[in-house]
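Here the protein sequences come in this chain order: A and B. Note that the first sequence covers residues 1 to 456 in the working numbering. Note that the second sequence covers residues 457 to 605 in the working numbering.
Bear in mind the hints are in silico, worked out from the structure with no lab data behind them. Built from N, CA and C at the ideal position, the CB exists for glycine as well. Treat the hints with caution; some may be incorrect.
Not everything, but these chain A residues come out facing chain B in the computed CB check (under 10 angstroms) [unchecked claim]:
1. H412
2. Q416
3. T437
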Amino acid sequence: MTVRDPALLQPASTLLPDVPSPSTPPRQGEATLRTGSGPQVRSRGASPAPARALDAARARADFPILHQQVHGKPLVYLDNAATSQKPRAVIDAVSRYYERDNANVHRGVHALSERATRAFEGARQTVARFLGADRREVIFVRGATEAVNLVAQTFGRQRVGAGDELVVTTLEHHSNIVPWQLLCAERGARLVPAPIDDAGDLDLAALERLLGPRVKLLAVTQVSNALGTVTPLPEIIALARARGIPVLVDGAQGAPHLGVDVRTLGADFYVFSGHKVYGPTGIGVLWGRREHLEAMPPWQGGGDMIRSVTFEKTTFNELPFKFEAGTPHIAGAIGLAAALDYVTALGLPAIAVHEAALLAQAEDALRTLPDIRLVGTPRQRAGVISFLLGDIHPHDLATIVDRQGVAIRAGHHCAQPLMRRLGVPATSRVSFALYNTAADVEALVQALHAARTIFS
Amino acid sequence: MSELSDLYQEVILDHGKRPRNFGPLPGATHHAEGLNPLCGDHLDVQATVQDGAVREVHFTGTGCAISRASASVMTGLVKGKRPEEVDALFQTFHALVTEGPGAVPDLDGLGKLAVFGGVHEFPTRVKCASLAWHTLRAALKGSGSASTE
Numbered sequence: 001m002t003v004r005d006p007a008l009l010q011p012a013s014t015l016l017p018d019v020p021s022p023s024t025p026p027r028q029g030e031a032t033l034r035t036g037s038g039p040q041v042r043s044r045g046a047s048p049a050p051a052r053a054l055d056a057a058r059a060r061a062d063f064p065i066l067h068q069q070v071h072g073k074p075l076v077y078l079d080n081a082a083t084s085q086k087p088r089a090v091i092d093a094v095s096r097y098y099e100r101d102n103a104n105v106h107r108g109v110h111a112l113s114e115r116a117t118r119a120f121e122g123a124r125q126t127v128a129r130f131l132g133a134d135r136r137e138v139i140f141v142r143g144a145t146e147a148v149n150l151v152a153q154t155f156g157r158q159r160v161g162a163g164d165e166l167v168v169t170t171l172e173h174h175s176n177i178v179p180w181q182l183l184c185a186e187r188g189a190r191l192v193p194a195p196i197d198d199a200g201d202l203d204l205a206a207l208e209r210l211l212g213p214r215v216k217l218l219a220v221t222q223v224s225n226a227l228g229t230v231t232p233l234p235e236i237i238a239l240a241r242a243r244g245i246p247v248l249v250d251g252a253q254g255a256p257h258l259g260v261d262v263r264t265l266g267a268d269f270y271v272f273s274g275h276k277v278y279g280p281t282g283i284g285v286l287w288g289r290r291e292h293l294e295a296m297p298p299w300q301g302g303g304d305m306i307r308s309v310t311f312e313k314t315t316f317n318e319l320p321f322k323f324e325a326g327t328p329h330i331a332g333a334i335g336l337a338a339a340l341d342y343v344t345a346l347g348l349p350a351i352a353v354h355e356a357a358l359l360a361q362a363e364d365a366l367r368t369l370p371d372i373r374l375v376g377t378p379r380q381r382a383g384v385i386s387f388l389l390g391d392i393h394p395h396d397l398a399t400i401v402d403r404q405g406v407a408i409r410a411g412h413h414c415a416q417p418l419m420r421r422l423g424v425p426a427t428s429r430v431s432f433a434l435y436n437t438a439a440d441v442e443a444l445v446q447a448l449h450a451a452r453t454i455f456s
Numbered sequence: 457m458s459e460l461s462d463l464y465q466e467v468i469l470d471h472g473k474r475p476r477n478f479g480p481l482p483g484a485t486h487h488a489e490g491l492n493p494l495c496g497d498h499l500d501v502q503a504t505v506q507d508g509a510v511r512e513v514h515f516t517g518t519g520c521a522i523s524r525a526s527a528s529v530m531t532g533l534v535k536g537k538r539p540e541e542v543d544a545l546f547q548t549f550h551a552l553v554t555e556g557p558g559a560v561p562d563l564d565g566l567g568k569l570a571v572f573g574g575v576h577e578f579p580t581r582v583k584c585a586s587l588a589w590h591t592l593r594a595a596l597k598g599s600g601s602a603s604t605e
């Protein structure tokens with residue numbers, strides 16, 4: 001993330017406790033950390049740990065897919081907000097599971113089932129640790145989209161009636177708009193969008209005015225997938241909580257760059273997708289406050305989510321299984337845990353510092369192009385830069401830079417209301433991950449120059 | 457880069473930048489809206505049909521160079537054609553942009569459409585090239601809207 005106010009940056013002392021000591025030699029294929037400067041000092045007592053920097057070039061070696069040529073050019077992958085690439089540790093965890101442990105979970109008595117269950121529930125524990133949550137509050141779902149739908153159709157249906165209001169923000173991805181729209185249509189409620197300013201920041205004063213007595217829920221993203229805006233969650237959640245309004249936070253873009261601690265966040269629900277945080281597709285997480293999850297009705301019915309079934313009556317399983325009908329994506333959960341272990345070992349603060357430097361470099365480099373327009377210049381940015389280059393349509397631009405090996409996204413980024421607010425039909429978007437380097441930014445700028453030549 | 461220059465030929469760049477027949481068509485008898493939900497591109501195609509033939513076609517909207525150029529070239533080519541002739545021309549055009557010049561038996565019959573011969577190398581851009589055509593055919597059939605999905 002880039003921050004105008006350096007005080008907003010996470011201090012390096014918040015390095016997570018299970019980061020391996022720098023003096024431990026790394027195993028082959030494992031990402032490594034190096035100290036930023038000076039001698040390595042082990043922190044004692046309250047003294048902060050030394051600032052660690054991410055060695056992106058070394059981390060890059062952990063991602064097999066990055067080492068290929070596309071259209072005869074080295075791949076430069078800058079579409080990480082769509083999905084991130086997977087480190088060897090994740091690929092191995094998934095194949096190891098299928099090669100050695102595959103069985104159905106929770107019911108089998110045999111050895112493989114025991115192993116699969118242990119790995120699956122161990123993955124839940126890893127996710128819980130990543131979020132700062134209790135494992136019973138961690139529900140495995142397909143992704144952030146399914147998590148939002150689950151909350152809309154259980155919690156939402158219980159609480160929202162005719163004449164009620166749901167507030168979302170103009171920054172939201174369609175996945176944090178449409179499930180609420182469906183709920184509103186079903187219940188005769190109203191979806192109210194909270195406005196942004198021209199820089200792409202939320203208008204907090206306007207949001208506060210919208211949080212009236214009829215509002216039954218506020219749904220807000222942690223980071224905008226289209227602009228990179230980091231929303232001021234502490235302030236937003238405080239406004240909502242002061243009025244007793246529950247808050248759902250979409251962490252799909254936030255989790256890979258900022259992480260989260262749900263204990264201090266103060267929200268009621270936090271959702272994220274595994275594949276954007278270096279894990280497999282098809283797995284994601286819903287975290288919810290236990291009292292909500294206990295009070296919510298089940299969403300889908302089936303095996304695993306029941307305690308006993310007769311044709312007259314079914315009693316439901318305890319948390320988290322109440323919300324996990326059917327055989328879960330066991331390998332996905334195990335792969336996600338491997339991904340979270342991977343980023344935790346590198347250290348989210350170190351990743352954030354590295355990405356902030358890349359974003360700053362990319363912003364500066366893009367501004368050297370004579371007819372560039374950055375779309376969204378938020379106060380705090382994570383992962384993403386959206387832009388327009390002259391009158392070249394983003395789709396043409398994406399095609400041209402692709403032929404230089406540079407993968408970027410063009411379009412509305414599943415945020416059509418936001419595009420309409422900004423008065424653009426589409427943008428080009430570059431989005432960064434821990435393995436991107438300064439050389440990637442240089443390749444991007446070179447490719448953009450090539451596009452300008454074609455369209456000059 | 458050679459595939460790129462096949463895609464972005466001078467004619468396409470020119471039509472993309474300065475599209476012909478761009479703007480509303482007063483007195484249009486047919487019109488339809490075309491949407492590419494994938495990218496948000498949006499065209500409105502208006503046509504005047506008289507005595508069973510297309511007399512005039514205009515378009516408005518936003519899109520990439522490929523979709524604008526395709527719309528622009530199309531508006532010129534379909535003048536004087538009957539709807540079934542427009543359909544036939546579209547089928548040939550579609551074969552060209554999906555499979556390449558090798559799939560088109562009569563390349564000369566394509567006229568200016570031949571400049572889209574590079575599109576088939578870029579499968580993600582086929583929808584851009586086809587949007588205007590889908591929209592015009594929807595307009596002539598009176599269905600009001602077309603989508604590439």
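key: Unmet hints by their number, sorted upward, for this structure   = 3
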